[in-house]
Structures are given as C-alpha cells and as structure tokens.
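Participant: Starting from the known structure of chain R, arrange chain P on it as the hints suggest.
Single-letter residue listing:
Number of protein chains: 2
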Amino acid sequence: MKLEKLVGDRFKERPSDCQIDSHAIMVRGGYIKYVANGIFSSYMPLRRITRKIEQIIREEMDKVDGQEVQFPVALPASLWDESGRYESVGSELLRFTDRNGSRMVLGMTHEEAAVQLVREYGQSYTKYPFMIYQIQTKFRDEARPRGGLIRVREFTMKDAYSFHTSQEDLEEYYAKCHQAYENVFRRAGVPEVISVASDSGMMGGNVSHEFMLLTPVGEDSIAICDECGYSANMEAAECIYDEAVTLENYELQKVHTPDMHTIEQVCDYLKADPKKSVKAVVYQKNEDDAYVVVFIRGDLDVNETKVRNHLGCEFHPAVITEESGLHAGFIGPVGITDNCTVLYDRSLQGGNGLVCGANETDYHYVGFSPARDADIKEYGDFAKISDGGICPNCKKHGIKVSRGIEVGNIFQLGTKYTKTMGMTYLDANGEIHNPIMGCYGIGVGRLAAAVCEAHHDDYGPIWPISIAPWQVHICAVRSDDEQVKQTADALYEALENCGVEVMYDDRKVSAGVMFSDADLLGIPIRAVVSPRNLKDGCVELTARDKSFDIKAQKDKAVEEILRLIAELSEKCR
Amino acid sequence: MKLEKLVGDRFKERPSDCQIDSHAIMVRGGYIKYVANGIFSSYMPLRRITRKIEQIIREEMDKVDGQEVQFPVALPASLWDESGRYESVGSELLRFTDRNGSRMVLGMTHEEAAVQLVREYGQSYTKYPFMIYQIQTKFRDEARPRGGLIRVREFTMKDAYSFHTSQEDLEEYYAKCHQAYENVFRRAGVPEVISVASDSGMMGGNVSHEFMLLTPVGEDSIAICDECGYSANMEAAECIYDEAVTLENYELQKVHTPDMHTIEQVCDYLKADPKKSVKAVVYQKNEDDAYVVVFIRGDLDVNETKVRNHLGCEFHPAVITEESGLHAGFIGPVGITDNCTVLYDRSLQGGNGLVCGANETDYHYVGFSPARDADIKEYGDFAKISDGGICPNCKKHGIKVSRGIEVGNIFQLGTKYTKTMGMTYLDANGEIHNPIMGCYGIGVGRLAAAVCEAHHDDYGPIWPISIAPWQVHICAVRSDDEQVKQTADALYEALENCGVEVMYDDRKVSAGVMFSDADLLGIPIRAVVSPRNLKDGCVELTARDKSFDIKAQKDKAVEEILRLIAELSEKCR
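Taken in order, these protein sequences are the chains called R and P. The first sequence lines up with residues 818 to 1390 when you count with this note's numbering. The second sequence lines up with residues 818 to 1390 when you count with this note's numbering.
Chain R with its partners taken away, still in its complex shape (with noise of 0.2 angstroms):
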C-alpha cells in the first residue's frame, strides 16, 4: 500500500510518558494509540503484526493435535464459583453484573470456560488426550499497567488447554507444547526467549514454564545459573547456604541497642556481620489481618510468594500496633508473643552465635542458636535467590539475577479444576477419574512489544521478516523525477504482482522524512529508488538490521528483493 493513505502519525519526540523503548516505538511510529489506562487500540502496523504472530502461533499449536475453539470474553460467575476462583481471585478479575442483575466476570484466562466445554464430551477415556485453544481478548484488572503492550489491561492471547487420563501422557504433551512454544518463538524472530521454571500463582498446579526473553526493562527476575545453565524465576527459585554451622559456643545475651531499628544498624553498632544476624520480616494477612512473622538470616531477602504458597493466602505488609505484641524494629524469635504465625528461614538452621530482637523495646540478644534458644519445628523455603547465590541445581556459586518479559507460561493443571467443576470420565475398567490439565499462555502484544524490545535502535523497531507489517518498503526519493517515479511504480507493482507484501513511499518528501518513516516503521527490506542511484541503473537494496546493503541492477531488483526475502524467512523457519 501507499504509506500516504497509512493511517496514523508518526513522530520523531520520544513522548515523556514512556518508560520503555517499545512503548515509545510503538507510539511514535503509529502502532498503538492509548484510550484508557492499560488499553490500546491497534493501528493497521501493529494488526499486521499481530494476526502474523497469531497465524504462527495457530500453526504450532495445530502441529500438537490442537482444535482452535472460542470461548466467551463475558463469563456467568457461576463457572469461577464452582472452581473457587470468584472468592479467591483479587481484584484483577473485573467482576460485573448484567442488565438482569446477574453475576458475571470478564475473562482473564478460561480454564473454567475450557472445562465447561468439554465436561459431557469427556466423560469416556477413549476421547483422551485431546486439546483445544482459543486465541482471544482477554481482560484483566490490572492494579499498575506499564510499559505500552508490555502490561495492560485488555489483551489479546492464546490460550490452550489439554486433558489427560495420567500425569505420564500430560508430561509427554507438556514437552510436546514446550517444543512448540520454541518453535513460536524462534519463527517470530525472537529464539533468544529462554525457558526458566517458575511458581503456578493462582492458576495451580506443579510443574510450570515460563518462556523469558531477557532484558533489562523486563518485569520479572529470572535467576540464571551461569554454570549449569539451571534457570528459574526469581519467585520459584530454591535457595540453598553456605553451612552456618560454627563449633564455637556463644552465650545468649540481652545487649542495649536504643534506637536501632535496622538491622544494619544493629549490625553495625554490634560489629556483627549481617550474615550473622536474624531479620523478623512481619505481613498481615489479608483476610483478617492476622500478623505473620518471617525470621530470615539478616543478609537476605524474602520472597513473598513462597511465603504465599506456604500460607496459601493473600497478605500484606504489616502495620505493627501498639496491641499487637509486637515491638517493631526489635522482633525476634525468643519469647516472641503467641498472637502471630512464626515462619524460620532454613537459612538459620544451624546457625549460631546470631544476633536478634529481644521482643523488648531497645533491645537485641547476641549469642542466639536457634537449635538451643528457639522452639522451631520445622524450617521452610521461604528466601529470594541473588546475583553471586548458590545453583540449586550444581551448587556452585553461579546465580546471575536477570530482569526478562514472559511472553509465554505453561502449567501442569493437575486436577484442581477437573475435580472442583466435577469433571470425570470412566477408564477401560468402568472407574471414575478427574482428567488431568494442563494449559498453555502466549500473550500476542506483549510478544509484539517483546520483540521490539529486543530488536530496534534509536530510530525504530527492526521486524523479523516473519511478522514485519509489510516485507518491502519502496522509498522514491525525489517522486517528482518522472524517471524515479516510472522506475518505483514499476517496482511496487512488480513486486504486489509477485505476492510481496509492500509499503510504497512515493510522497512528495525529503530522503530525511522518508527514511526516518521508515525506520519508525521498521520494515526489514528497503528499496531506494533515486535519481542518484538511477544514473548507475541501480536500485539500492538495505537491510533494516544493516545486515546488507546492495545495488542491485534495476532489471534485477524483483529477483534480487525475492532472494533477499527467502534468505531473510529463512532465519526465521
């Protein structure tokens, strides 16, 4: 098409408002326009770019025996009461009830909608496994959209669930959709997307991937073992210690500490390494703000989402009153009051000689064993790995901490929604059995933004071939030449003729505008046609990478452009 009747304006001035490069690609060259927090509407660059991600993904998961379905973007609430979603999802779920006054909610994910589909269809185990997939808007409330595509709160995704009749057949298929997911991710341009191991959150289950694509404006920090290889989000990540054991015998003792309320304060004043010393982190929980107290060893970090897991519910950072016992800044272990759920570390298993709160205004003990001085049944995973930590896999001391975009998760379900929604079938032997999930996330626009991310300099996003709105961009330098013009024209039809995709710039512009459209638009081939490169009878080729730049002889530049764009599809296979 001619970029002329391309509708949407493209721009040169970063807009102050966004944080990260594809963001503000995305709305300088006239991909996205903002119409509500976390909302965006779509300009016809940007549709081109994701109806291709969404035909390669389509044909992954049509490889893998999967059935493309549709389910509804308005769900009726009763399908996320019988899974216990409505009550235990936050306020991401956007709830709403209808002209009639019934409950319903908007789609986040259809595990529900996937279960109530095939509930009577899967009741003969003869039918297993099967899967099915949509691709569709999806919405979910989110507290902070950011980052344009990256995290919004209407989104476009494919959404896939299998069933099984054994964990075996789901853990074959599972790597069967985990190859498919390198397939997509390789085809649009992007296999440097890593998977790493990751928690289930809400969507329960075990075993779960996430597919990462590295980069520093990423949300999420993958811990990536520079050893083995071993990878994981930061959320999932088991972290293992160096032995605190120490032969020496310390003596538990009361020591004065007025107005230490860190425990780097504290540290400092005892001249104690922070190694050596206990940290009392305190979260309320949500549903009746009862207090929870986490003791970890003074150099780490909680991770909250182990402690999620163990509790198995929501909570929040603590406000420590008066009447609660608690006296902030000096919490510890000994003595604590009986009014909280006590967490320990097993980061202070074995420990000795430590420093910690007394439960007494101005006062820490020193000389702390938690074997000797606590009454600790169990200890419990509940640490954040860090850059310099510990593999859990090889045990060497290899963890680098990353930031990355998940553009794809996959989860073995289990039967947590087969069993709450009453799904069953009967095995050869006439039992009854809950089918086993699991189910299969790639969000479209993130993986758009994803890739711009990854691949642009300062003037735009550089499109892999495969998912590049158009695959030629046709600049007529100097349109008012009548020899550029006859030569473009020519060149444009030729090309449409041949079943290129095209964009054609034969406005009346400077080679300045014109370039920089292009770059903004990004299109992996470029063709220039100028009275300076018609006086050598050339057409000139570039890449938008700068991978190639080419004069090609104006007879040959179709069967030049056509090579140039099987070579380039083909890194992208």
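Among the clues, some could well be false.
If chains are identical, the list can't say which one is meant, so a pair holds when it fits in one copy or spans any two.
Each computed PhoX-like pair below joins lysine-lysine, with the alpha-carbon atoms no more than 20 angstroms apart [said to hold, decoys possible]:
1. K944 <-> K1325
2. K822 <-> K880
3. K1302 <-> K1352
4. K993 <-> K822
5. K944 <-> K822
6. K1236 <-> K944
7. K944 <-> K819
8. K1201 <-> K1213
9. K880 <-> K819
10. K1092 <-> K1201
Simulated from the structure, these hints should not be mistaken for lab results.
Facilitator: Relative to the frame of chain R, chain P by itself:
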C-alpha cells in the same frame, strides 16, 4: 483430521429449547455450547467456519482500501459521554466500573473508538478519504437473546468506519461498500441476500441499508414490492394510502357505545368499515412518563420506529390512569386533554364520516371529519406498511411483507460523531469542518447461522465450500476391512498432501452413524470408501447438497475430488 479426535458431541434429537433449525443444528452438530443466556462457546467446526467468513470479509474490506485496526472491547465511559450515547443508549449498553471505580462500557459498536483513533490523524483534508475496520468481539446486553447465534449478547463483528470531506465522496464510497457487501455474501454462499432501505435508529444519520437473508424465522419484517422490486425494512418503509376522501357531508354526532373498548367492537356495533374509523394508540415517554397519543386509521398499525424517530426519545406502552384525563377505549381527537402529545397519521388526512372516541366513557363520535372537527397542525407518517399495501415507489398494491435475518448493515452517519466528539479538519482554504462518516457492519456468527438457516435439510447443514469447516469428508465404511482401510488412508494422505482440508472418519461404527455424523458436519464433498464400492474399484463421491453422486475409479479419486472442489468453489467466487 480424524473425526475420532474431534472434540464435541453430535446427536440426533432436536433439543427442546431450540426454536429455529440453525440453532438446533449448531447444538446437535457440535458447533456451539451454551454458556449463559445469549453467550456461547464455539467448537472447532464453527471456529473454522467463522475464520473463513472473517477472511472473506477481510479480503473484501482490503479491496475497498480498508485498513484493519483493532479497538478495545472495554472502553472508558468518557468516550461515550462525548458522543452522548452513554446517556442515550438503553440498558443493552453494558456499563460497569473497574477496580478504581472508573466508569466503563463493553463496546457494542465502535464509532466513538474510531473517532478517538483518528481524531489527530485526520486534521488535514489531504488525509481523506480513509476507512478503518476491525473484526472483534462485541457485547450487547440484549433483553431477549434468541435463536442460537441469531440474536446473542456476545458476538464477533466486522465493523468499519469511513471518513470523508464531502457527502458526494461518502456516497461514492458507500456504493463501493455496498458492492463489497454483495461480494461477501456471494462468496459466503448466500447470493440471495438482498439489501433493503432501513431505519438508522440509534446510529444517527439518514441513508442506511440492511442486508437481509429472507427466511420465515427471521426477526425482521421486510416490505418488498412484487411490481417494481422496491424493498425496505418495515421500520423504514413509507406508508401511502388510497384516498379516503368522499364528498358526502356527515354530521358529527355522539353515540352511546357502552363497554366497547376496541375499534373492532365499535365498528361492528356501528356497522362501520374499520377504514372509516380512527384508532388511538397511547404510549408514555421513558424520561417522564408523559403521554403520547397517536391517531391512525382503524385498519392500520402504528410503526413505533417512526414515532420514536419523530419524538427523538424512547417510550413504552402506556398505563392509563384516572388522573391522565384519558378515557381508555374512548380516546378521540375531539376535545382531547392538553396533557399529552398528540400525533396524527396521514392516513386520516382528507377523511370524513369517521368513527372516533368521544373522550367520554361509553361514547364515540360518528361523522368525524379531521379537517373540520379537530385542530390538526400536521400529519405524519406513523403507520406500518402491510401485505398488499401500496408501494411507495411504483404506487401499485404490490407490497409483500417477508421475514428476514439481518446479516449486515451500512449507514451514512453524517457528522453526528465527528461533531459531538470535536473531530475537525482544515480544508484547502484553511476552513474548519467536521468530517462525514459512514459505518459498515457484518455479524460473523450470525452470518454463519443465517447460511445454515438458508441451507440445511432435516439431517444437518449444507455448507457452501467457501466457508465449510472442511472441504472433503472421507467415510471409511467397514474400516476393519484391510482394503478399505488402506484405500481410505491413502486417499486421506494424498488429499492432505494436495492441501485439501479433509475430515477422515475411520471409526469402527456403522455406516448409519457415519453418514449421520457426516450430515451434521455438512461438508460439501463426501468420499465413501466401502467394500461394495471397492469391488468395482471405485470410491463414491457424493455432494452434501445432492447435486452429484459419482463413482470415481480409485486411482482417479484425488483428481476427481480436486475437480469437484474447483467446480464448487467457482460458485462462491
């Protein structure tokens, strides 16, 4: 794919809650599943049909220079405040608040979003004309969803919006879109869809057309003239009448008509032709319950849409109270209370010697002459056209009223939205104007249902090949027979290798079960591989629509099928 793996149940019995055939077939054939009132999930066969319909629509929209974009499903109420529709549209607009208490709506149509997307872009006349469209989920909180996919609350729709700088340009483009719509319906296998002039309703604007598939189960009534081909939605069709004038001179006389509340009772009693009587139909405005009385010739019915357009507000049937000053059953033009809005249908103009209510319980007038006896400022067109009525075009008694399903509509919107939402452009002389809009919708699921309604038999749908879920259905009758299995397997593989979309039934079930499942899937070409056919070295190729039944030599079967596909496809070009 193999039928054995197709998710969804097929069965013979017509569900008792299905009023119309397409609904029953979609349920019986495993196309849809009820989720909530007017909300369905789609299984794979329907999803394949809707995707093909979407692709046909997309191609035709692209051909008229449409640019595919995407608007959000969830929109901020502020946009609808701008156009005034947040207030003016009834409870079919789903309103809700998000987690922050912001008012939002679910998009049921996207004029506001379209203007918001291009308001900045379209500031210069040089950018015009342009058209943007999307294919997206919409929600309309219908009071009475019905007929399966015919009237639902959630649906996928293609909606397009064009922007122009002159009425002429809009009209030229509107004609192009009209043609594009005819192309869509022809390609989707329903060339019998007709376009009718329609009422623009809440959309604003004047000229509009509905595309109707005529069927007795349709929701809409369409007036078609057998004589001249004129057609219009009943709601929009102008009513004209034989002259009611007679030269006789009647005297206005009050007569006692005890307990006669209906026009039939009164005419019966007075031996008057209902054509010589005045009927009063009473409504109340929704906003303030003010009364509206429409006087119309006794043999005619009121067209509420025309009244609504005249009043510019919503109303409901009246509850006539004592205080109203109205005497139910005896309301007439002479001496009617000032407390209400009074409208006169032009069927009364020039009449005389009429029967009408006397605004006094148990009394009517005879000999009423509107011109002489009542102070009538103007007559309007408030009547419903009826079977045998006069065609407003050729003036002959050629009107036939048919039922139809509306599968698309196009509107000349004018400046309603650009004005209210402050979208302007500068013309070549530097003067400011509001652009003129057109909008163009097609319901994807409804079109699928309408095709099914128009093309089915007792056993299932007869899908046109252009939108059929698969092109060929192989039935391996007696797949336990080694030769049948081998031949069918080979045929399946060969067809798939040719890119043909094949459903393959190799289940060990009876031919009866196989064929009734095939009927329910409605795939246009059926290839039956059976021991009997193989004895003659043949595969039997039959059409779902019974247009052919061919015995093809086994080794010519692929060739023959490809020929049949090409032949059937030709009909949908």
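Participant: Enumerate the violated hints, using their earlier numbering and listing them in ascending order.
Facilitator: none
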